[in-house]
Amino acid sequence: MAGFDAKTLTKHGGLIALAVLLLINIAITPNFLQMQTLFVNISQVATIAIVAVGMTLVIATAGIDLSVGAVMAVAGALAPLIFLSDFAQAYPTLGLAASIIVPILVALLCGLFNGVLVAYLGVQPIIATLIFFISGRGIAQVLTNGNLQTFTHPGFSYLGTGKILGLPFQGWLVLLIAIVFWYIVNRTMYGRRILAVGGNENAARLTGTPVRRVKTGVYVISAGLSGIAGLIVVAINSASDAARIGNLMELDAIASAVVGGTLLMGGKAPIFGAVLGAVIIQLVKYTLLANGVADEVALIAKAGIIVLAVYVQQGRKE
Amino acid sequence: MLDQNTFDLRKYIQGNGQSMGVWIALVVMIVFGALRYDNFAGAYNISSFLNYNSMFIAIALGMCFVIMTGGIDLSVGSVVAFTSVCVAYLSPYGIQVALPGGILAGMAIGALNAFFVIAMRIPPFIATLATMLGAKGGALVISGRQTISVDWTSNFTKFGMNNVGGILPWSIIVVAILAVALWIVLEKTSIGRTVEAIGGGEDATKMMGLPVNRAKAFVYILSGGCAGLAGVILASGFGAGQPLEGVGWELSAIASVVVGGTLLTGGLGSVPATVAGALLLGLVFNILNFENGRGVISFSAYWQMVIRGLFLFVVILLQSRVSRVGAKQGA
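Listed in order, the protein sequences are those of chains A and B. Take the first sequence: its letter number 213 is residue 213 in full-length UniProt numbering, and every next letter is one higher. Take the second sequence: its letter number 43 is residue 43 in full-length UniProt numbering, and every next letter is one higher.
None of these hints come from the bench; they were simulated from the model. Incorrect hints may appear among the rest.
Stated by the list, open to error - Computed, partial: chain A to chain B, Cβ under 8 Å: (1) Ile126; (2) Gly138; (3) Leu264; (4) Glu296.
Stated by the list, open to error - Just so you have them, the derived chain B footprint on chain A, three or more residues with Cβ under 8 Å: (5) 100-108; (6) 140-150; (7) 276-289.
By construction, the Cβ of each residue, glycine as well, lies at the ideal position given by its N, Cα and C atoms.
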C-alpha cells in the first residue's frame, strides 16, 4: 500500500465503498449495530447476490441478461400455484418438491430460449433478453390473473425465513452458490471457456471452444439462479405478486456485477466481487430506507450509482 | 451454407424486400379488419387509433435514429411518463407553452443520455437504463405519486382530443410533420448521413472526419424530444399526467423500428418503414380488441405485454435471417 492513488481506488473500490457505507451507517442510522439489522440485510441481499452471480457469468461472455427480474416473477408466480393446488394438498411432500423444482425448470427453459436466440440465431443479448424482460412478467400475471397470492406454508417459507446456525437460510445458500460458481469459473474447463468466449470470441472459436454451447449455458444458469431468487422472494413475503417480484432486479444485478469488477466487455467473472457488489447495493438501499428517504428518490440515487460504477470501471480498463 | 433458400432470400433483400413486406402486411391487416368488423373503418376507430398510436410513432421515430447509430434508448417509456407530468403542470398556460415545454423536458433527459454515452463513454443500454430509473423516480417525485389532472379550461386538451374533419387528430398531424421532417433530415442532410455512417462503422466514420459526437448527441436528444412529444399527447389525450404510464413502451418502439427493417446492428434504416412498423404493431392490438369485442377470444390486459414480446420475437426471427444473409453478402 504505497500510495492511495486512483489505481488503488479503482482496484479496491468495492471494499472501500463498503467500509465507507458501514461507517456512515454506524454514524447516522439508528440501531444499525444490531443483529436484527444483520438478519434483515442478509435475507434481502441474498436474492440480489444469487441473481448477480448468474449475471456475472453472462456478462463475462460479453452478454447481458435483462430478463432476470421477469424470470423471477414467472418462477415466483408458479410456486404458490403448485403448492396451493389440490394435488399438493393431497400429497404435501411431493407438492412442496414440485413447487420448488417445476418453477426452476421453467426458469431454465426461459434461459434456454434466451441462450438459443443469442448463441444460435445471433440476436444481440440486449434485444433477445428484452423479450422476456417485458413478456415474462406478462406471462406471470396471466398465470395468476394479476392476483396477489397469499399463503401460510411453513415448508415453503423455510426458503425465505429458515435459519441455520442462527443465520438466514438464504445467506448460506448464497455462500454455497458463490463457492460452486467460483470453483466452476476458476477450476473447470467450462469456466475457462466462458472467460475465453468473453475475452475474444473469434479466437475462442478458432481454438475449438464450443462457443454456442458455452453462451447458451450462461443464459440457462442465469435464468435458473433467477428462478431460485424468485422462490426466495415469495417465501420471504409469504405472498406472490407477479407485478412486483424481481421488479428492477436486472439493474441491481448488473450494478452488483459491475461494482464487483466485472467488465462489461467480457472476459472477467469475479464471483465473490459480484456478491460484494450485491452487499454494497443492498446497503445503499438500506441506508436510504432506514433514514427515511422516499422510494422514488432512492430510484434516482440508484441510477446515479450505476452510472458512476460503470464510469469508474471505464477508467480501470485503460 | 448457401443453399437455395438463402439465395432466394438474398435477392429478396436486394429488392428492398423487408420494407415492402411491412407495407404489404399493413394493407392485408387493414383489409382483413375492414371486412371482418363493422366499425373498424369507421371514423371513430380511425381517429382514436391514430391518436393513440401517434405516441408510439413518435417514440419509434426517435428510436429509429438511435438504433441506426448502433445505440439503444431504453428510457423512452419513463420519459413519456415524466414529461406527461411536467406538461400537466404547464397545461394552464395552454398548448402553445405545454407543447414546447414537454418536448424540451424530454430533450433535457435525452441530453443527459447523450452526456453519459458520449462524454462518459457508458454503454448506451446502461446509460439509458439508468435514466429510465431516474426519469421514473423524477416523475414520481414531482407528481407526489399521484396522477396529475390537467387544466380543462385552457386549450391544452384540445390538442389530444380534437380532430380535423372528425377523423384526423391534431396529434397525428404533428407527428406526421415530424416524420416528414426527419425523413428529409435522414436522406438529405449531412447529419443524417453521419448517423447512417456511424452505424456502418464508428471508427471509420471518425476517420473520415465526420462529426460523430455531434450526430450521436443529436440522436439521443431527438429521441428524448420525441418521447417528450408523446408525453404531451398522453397528458392532453387522457386529461392527466401519468407517472406510472409508459412501462414497456421502449419495447414497442424497438419492435416498430426493427419490423420497419432497421438493422439492430446499426446502419440501414428507414423513416417511412418505421412509421409503418409502428402502425402495424398498433393494428395488431386494435384487431385483438375487436376480437375481444366479438367475444371470440378473451384477453386480459396482461396479455398485451406477452403479445408485445411475441411480436418482437417474430420480428427478430425474421431479421436474424435477413442480417445473416447481409453479413454473407459483405464477406
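These are the hints, each one checked on the structure:
1. Ile126: It holds, given that the least Cβ distance between Ile126 (chain A) and chain B is near 5 Å, below 8 Å.
2. Gly138: Gly138 (chain A) check passes; min Cβ-Cβ to chain B is 3 Å, inside 8 Å.
3. Leu264: holds, 6 Å
4. Glu296: Given a least distance of 4 Å, the restraint on Glu296 (chain A) holds.
5. 100-108: Our answer is that it is violated, as 0 residues pass the Cβ test (under 8 Å) against chain B, missing three.
6. 140-150: holds (count 4)
7. 276-289: Result for this restraint: violated, n = 0.
In this structure, the hints that do not hold are numbers 5 and 7, in rising order.
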